[in-house]
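Build the full structure now, drawing on both the sequences and the hints.
Number of protein chains: 2
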Amino acid sequence: MDSEQLIQLGQQLRVDAVRAADAAQSGHPTSSMSAADLAAVLLGKHLRYDFDRPDHPGNDRLILSKGHASPLLYAMYRAAGAVGDEEFLTYRQRGSRLEGHPTPRLPWVDVATGSLGQGLPVGVGVALAGKRLDRAPYRVWVLSGDSEMAEGSVWEAVEHAAHEHLDNLILVIDVNRLGQRGPTRHEWDLGAYSRRLHAFGWHTIEVDGHDVEAVDAAFNEARSTTGRPTAVVARTHKGRGVAAVEDKEGMHGKPLKDAGSAIEELGGPRFVRVEVQKPAATLSSALLGTRGAALTLPKYEKGDEVATRNAYGEALAALGSARGDVVALDGEVSDSTRSQFFAKEHPDRFFECYIAEQQLVAAAVGMQTRGYVPYASSFAAFLTRAHDFVRMAAVSRAGINVVGSHAGVAIGEDGPSQMGLEDLAMFRAVHGSTVLYPCDANQTAKLVAAMAEGDAQSRGVRYLRTSRGAMPVLYGPDEEFPVGGSKLLRSGDDDKLTLLAAGVTVHEALRAADSLERDGVPVRVVDLYSVKPVDERAVQEAAERTGCLVTVEDHHSQGGLGDAVAEVFSDGRPAPRMVRLAVGNMPGSATEQEQLGAAGIDADSIVAAVKLLAEKVLVL
Amino acid sequence: MDSEQLIQLGQQLRVDAVRAADAAQSGHPTSSMSAADLAAVLLGKHLRYDFDRPDHPGNDRLILSKGHASPLLYAMYRAAGAVGDEEFLTYRQRGSRLEGHPTPRLPWVDVATGSLGQGLPVGVGVALAGKRLDRAPYRVWVLSGDSEMAEGSVWEAVEHAAHEHLDNLILVIDVNRLGQRGPTRHEWDLGAYSRRLHAFGWHTIEVDGHDVEAVDAAFNEARSTTGRPTAVVARTHKGRGVAAVEDKEGMHGKPLKDAGSAIEELGGPRFVRVEVQKPAATLSSALLGTRGAALTLPKYEKGDEVATRNAYGEALAALGSARGDVVALDGEVSDSTRSQFFAKEHPDRFFECYIAEQQLVAAAVGMQTRGYVPYASSFAAFLTRAHDFVRMAAVSRAGINVVGSHAGVAIGEDGPSQMGLEDLAMFRAVHGSTVLYPCDANQTAKLVAAMAEGDAQSRGVRYLRTSRGAMPVLYGPDEEFPVGGSKLLRSGDDDKLTLLAAGVTVHEALRAADSLERDGVPVRVVDLYSVKPVDERAVQEAAERTGCLVTVEDHHSQGGLGDAVAEVFSDGRPAPRMVRLAVGNMPGSATEQEQLGAAGIDADSIVAAVKLLAEKVLVL
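Residue numbers (UniProt numbering), protein chains in the order written: chain A, 1 to 620; chain B, 1 to 620.
Be a bit skeptical, because a hint or two may be false.
Which copy is meant is left open, so a pair is good if it fits within one copy or across any two.
[Unchecked claim] Straight-line Cα separation of at most 20 Å, DMTMM-like style, residue types lysine to aspartate or glutamate; simulated pairs:
hint: 1; residue 1: 248; residue 2: 335
hint: 2; residue 1: 131; residue 2: 348
hint: 3; residue 1: 254; residue 2: 592
hint: 4; residue 1: 257; residue 2: 246
hint: 5; residue 1: 611; residue 2: 571
hint: 6; residue 1: 254; residue 2: 265
hint: 7; residue 1: 257; residue 2: 247
hint: 8; residue 1: 496; residue 2: 571
Hints in this document: simulated from the structure, not taken from any laboratory.
See below:
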């Protein structure tokens with residue numbers, strides 16, 4: 001396309017953005033109009049994409065990090081012939097694929113955006129896959145706003161991209177000077193952005209974002225830059241082309257008042273259909289196809305003392321030998337999470353993300369768009385850093401595995417800053433998530449393998465919680481542990497109540513049950529290793545048989561095991577008596593056993609609570 | 001102190017770090033040893049601190065961002081005469097104030113550290129208070145590790161500090177080259193750090209961190225630098241002074257094998273008592289003392305349609321007029337959260353944090369250490385970015401108010417990326433938190449005022465959830481809404497069950513109740529505006545009177561209102577029948593009413609669910 005055609009295409013994208021927001025009477029036309037020329041040049045001359053084959057392995061990737069500018073993206077799809085005008089005007093209506101912010105309900109959208117500062121970190125994940133896994137020449141284009149450059153997640157990504165020499169990653173910053181509530185920190189100081197990016201090792205190009213020839217030259221330069229990622233820092237006007245809104249405050253996120261005259265001012269409606277260039281060749285993943293030997297999980301002897309984090313690392317390494325699509329990422333604590341075992345066996349598929357948990361999860365999200373099965377690990381406590389990325393992974397229909405080690409007060413002396421005591425709540429509340437919390441090495445190994453099953457969407461966000469300390473192996477290596485299952489560990493006809501536990505508290509519950517048995521108070525014990533989905537049938541049966549359920553968990557009492565059990569009785573059927581033993585105090589430093597005792601979740605505390613219940617409460 | 005004394009003090013700090021970790025048989029001596037000379041020069045020559053008066057308003061502030069180096073901090077306290085040797089050797093023991101990572105159980109620790117990358121953002125908050133609120137000349141010293149420079153939160157803080165010209169903030173980076181599992185990204189490339197910091201507008205000084213004279217000169221230069229913050233980038237050796245561990249991998253986070261010979265190698269035990277210089281004058285806060293007129297909250301007419309976010313902004317502005325210690329912070333969405341109303345009335349106490357939610361919450365944490373009562377607001381969805389800071393705020397015993405707007409599917413067309421559907425779960429699971437969710441403007445105003453009551457520790461983390469759309473005013477302006485209370489909105493002797501709701505679903509529940517009443521199915525309705533603590537008595541009474549509780553919430557079914565109600569029945573007493581109506585699907589774009597309907601939480605859905613219950617379930 002020549003310059004005049006690109007200019008016309010830019011105007012068409014603007015007109016369409018105005019039309020879409022006008023039809024919806026909501027949306028962000030002005031944020032779309034600033035980036036319209038950038039989008040026109042990209043679509044018309046630089047993007048390599050087969051819209052008929054969004055799964056084409058050679059396709060470039062486009063991530064609209066400023067997801068509120070969705071009308072622009074949808075206008076690009078319209079221009080490319082992928083979306084018809086009738087559908088285009090369903091923007092933001094119920095049932096439409098053209099949501100307020102892009103989601104993978106559209107086949108050309110790999111990841112949902114709309115929480116700012118996520119596009120670049122996820123783009124880094126895709127570019128890493130391209131460079132180190134697929135070893136394919138596709139490029140990753142991220143179109144970002146200027147406001148979102150304030151997000152720390154962006155700078156985690158900037159650092160990571162330079163460190164990995166991701167010259168297949170191009171960041172285009174639409175510097176339109178205006179955020180939501182007013183001017184950005186740096187307004188039109190392009191140098192503020194390029195100085196920072198340059199200091200991190202990026203190639204940077206400053207450009208007038210409305211000069212299509214200059215933008216074209218910048219994109220050419222970006223594409224030919226090697227050894228480092230490039231940022232095109234583009235000066236633009238928000239609301240460009242319509243005097244009533246151009247570069248004016250207070251015009252964010254609303255349809256134009258007089259859409260008709262605005263469209264006229266933009267030169268009227270038109271339809272230039274763009275023949276987007278297709279990728280050169282059919283490339284398939286270098287690694288996805290490789291399958292090793294059949295999966296041989298590590299096996300542990302009953303009675304041996306093994307930390308579940310160790311079993312995680314060993315099982316993951318084994319899984320990596322059987323499947324070429326399994327990758328591991330860690331936040332500079334692989335010696336603690338034990339993902340180092342995978343790193344040692346499969347260094348080409350291990351990604352060190354340093355202490356940057358947002359980038360850690362974002363990279364996993366990016367890689368799963370390319371068909372990989374990522375396991376991202378850090379301390380459970382520090383995964384709270386990535387909460388927004390986990391939340392958005394669900395909106396992205398991403399299939400990622402996240403593993404949090406050092407769960408609960410059981411870590412001992414390090415104290416509360418290192419204890420994951422909110423992680424079950426965080427992961428349970430994520431749409432479509434799975435939450436697993438094993439108590440034993442063989443169980444851990446089986447669950448690690450189960451996390452890789454299914455396609456991305458059926459997987460969703462899967463979380464595995466591991467423990468620091470060694471615990472006795474309870475189960476034989478041939479036992480099965482389906483997701484959604486449980487294990488009945490003690491039961492008898494005279495059980496007074498049921499103890500429901502997971503992870504470290506399973507062992508405490510067993511000790512308590514043995515002691516209570518000796519004292520003439522038999523109790524049932526259930527290992528609820530699958531916290532979500534929880535084994536409803538087993539919980540209901542325990543309620544029917546024993547009438548009282550006592551949950552014991554190394555987690556705050558909100559959002560964890562107690563809530564998971566309570567949720568079983570949320571269908572209006574009669575509920576049993578329930579009691580929660582959970583961490584209610586603020587821990588300090590102490591040994592593991594002191595911590596469990598202080599939190600009231602060790603065997604002695606369980607025994608005392610059960611006796612009190614049996615004597616004072618259950619007789620009422 | 002002269003150079004020889006400083007060198008000796010550095011060795012003493014090392015010896016003590018080795019001793020503490022040896023006594024505990026756990027901890028991080030090598031990470032302490034790298035920074036010992038930096039700490040010695042700081043303590044001996046630059047810090048202005050009255051250890052007898054940690055609340056002295058003129059005290060400098062020291063934040064040990066690399067909290068795992070706590071033995072170094074405690075050794076400094078010992079050298080300053082604040083901690084005796086007997087207590088010093090209780091490091092990491094149960095009950096000791098000298099926890100594995102520092103917490104405010106020690107009077108000289110303002111904020112807990114140990115989650116890396118938090119010290120600088122919190123320090124920015126303290127420095128902002130010093131410069132813009134206290135207008136006092138104290139300095140904020142942040143001692144940071146090199147690994148944690150990978151955290152995005154650090155770069156949010158770097159940007160913010162430069163933008164606000166915080167020349168009262170000094171960052172000292174202990175570049176010891178080694179992280180937990182191996183070398184850092186930049187190892188000893190000091191320029192990598194200073195180039196980045198310089199690009200963001202900082203003054204930077206590179207120095208040999210073991211040359212006490214050079215460090216002294218650097219600190220002098222930092223203290224005399226005006227107009228911008230300074231970073232002292234110091235090259236150090238991890239484990240410095242003991243050949244067996246110095247600059248060696250695999251020596252992170254463990255006591256030295258042979259502590260005795262290590263101490264000998266360090267020159268043996270000694271005790272130099274440091275007379276730390278005290279602050280020059282007694283300064284008190286410029287603003288804390290100012291009290292305006294008595295609080296006059298905005299009042300709303302029953303039946304008017306007002307969004308609770310509007311009531312938030314108006315009430316906060318009124319509160320700011322009555323109290324000089326109230327400050328507001330926002331993440332570049334003040335036009336949406338309505339904190340702009342406060343900003344307009346009290347610009348000197350409003351802090352624009354741009355799109356950087358970690359820095360937003362960290363600044364609030366920093367300011368409350370100086371006695372201020374911060375209200376930090378953003379979209380509820382985006383507060384997930386700050387989850388780790390909220391978690392650590394609880395460990396810091398901080399009193400902060402956090403306000404999340406645009407809760408739930410009720411926001412309408414913008415779609416799931418903008419919907420807070422996990423926020424109740426996130427805030428409920430925080431230790432000692434309060435969670436409030438008003439349905440009406442007068443209720444909102446009263447709760448905003450209540451959030452400022454009490455001292456920091458009794459306040460804890462308080463969360464208020466507000467809604468985007470206008471809702472009818474239900475309550476008169478003189479009604480009271482105590483934290484932990486509820487409102488009984490409909491009740492009769494024949495109620496078949498109880499609807500428990502909060503926020504937007506209160507209005508849906510009322511509509512449903514009216515419709516059900518007409519159909520001969522009377523129900524009780526309770527407004528549970530206090531989600532945590534929940535009104536246990538009201539919930540129990542509803543259970544006793546009606547036998548069945550139906551919760552209706554604009555939130556995922558995990559961790560929110562349903563869990564809060566279920567938790568009431570976790571003491572072993574008989575539980576009622578319970579049903580949860582919550583958001584179980586993945587929303588798209590739609591209008592507010594369409595969203596509530598699609599999620600099954602609008603009046604029609606409630607009516608249908610109740611009828612089904614009454615006909616099919618409750619008769620069983």
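message: At most 20 Å between alpha carbons: which applies to residue 254 and residue 592, within, between, both or neither?
response: between (55 Å within a copy, 17 Å between copies)
message: Treating 20 Å as the Cα threshold, decide for residue 248 and residue 335: within, between, both or neither.
response: between (53 Å within a copy, 15 Å between copies)
message: Checking an output row: residue 254 and residue 265, CA cutoff 20 Å. Within, between, both or neither?
response: Result: close within a single copy only, 18 Å intra versus 70 Å inter.
- request: First find the shortest C-alpha distance between residue 611 and residue 571 inside one copy, then the shortest across copies, and answer within, between, both or neither for a cut-off of 20 Å.
  value: between (30 Å within a copy, 14 Å between copies)
query: Between residue 496 and residue 571, at a C-alpha cutoff of 20 Å, which is it: within one copy, between copies, both, or neither?
result: Result: close only across copies, 16 Å inter versus 25 Å intra.
- request: Check residue 131 against residue 348 for me: Cα-Cα at most 20 Å, and say if that holds within a copy, between copies, both or neither.
  value: within (11 Å within a copy, 49 Å between copies)
message: Please sort residue 257 with residue 246 into within, between, both or neither, judging by C-alpha distance up to 20 Å.
response: within (13 Å within a copy, 68 Å between copies)
message: Within, between, both or neither: how does the pair residue 257, residue 247 come out at a Cα-Cα threshold of 20 Å?
response: within (16 Å within a copy, 65 Å between copies)
In this structure, every one of the numbered hints holds.
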